[in-house]
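Visitor: Sequence:
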Amino acid sequence: MKKTIITVLGKDKVGIIAKVCVYLAQNNINILDIAQTIVDGYFNMMMVVDANGASKDHNRIAEELADIGDELGVQIKAQHEEIFDMMHRL
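Note that the numbering used here has the sequence shown beginning at 263, numbered continuously upward.
Certain hints may be false.
[Said to hold, decoys possible] Using 20 Å as the maximum straight-line C-alpha spacing, the simulated EDC-like pairs for lysine to aspartate or glutamate come out as follows:
#1 Lys275 to Asp319
#2 Lys264 to Asp302
#3 Lys265 to Asp312
#4 Lys265 to Asp295
#5 Lys265 to Asp302
#6 Lys318 to Asp302
#7 Lys273 to Asp312
#8 Lys281 to Asp329
#9 Lys339 to Glu326
#10 Lys281 to Glu325
#11 Lys275 to Asp302
#12 Lys264 to Asp332
#13 Lys339 to Glu325
#14 Lys318 to Asp274
#15 Lys281 to Asp312
#16 Lys281 to Asp332
#17 Lys339 to Asp312
#18 Lys273 to Asp319
#19 Lys265 to Asp332
#20 Lys275 to Asp312
#21 Lys339 to Asp274
#22 Lys281 to Glu326
These aren't lab readings, by the way, just hints derived from the structure by calculation.
Construct all of the structure, not just a fragment, from the sequences and the given hints.
Guide: Right under this line is the structure:
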């Protein structure tokens, strides 16, 4: 299974989790793990998802999530697990 890491960062507001989760469900993307925090009004969420069942390719999913982020005023990134791991290796 190829996993995708989704990160969401920005000012907290109502509906961020709902909007992202609805998109994932509509595109047959399964949430494997999710963690979110709010610190001094700033929202931070990281999700590990399985997009193997999605009919769209990774680039399209990443673009559409980024567009949702623009609508919400937050930054949403979707990266393949391998790329995420390489970028965050110490």
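Visitor: Quick check: which numbered hints come out false for this structure?
Guide: 1, 2, 5, 6, 7, 12, 14, 18, 19, 20
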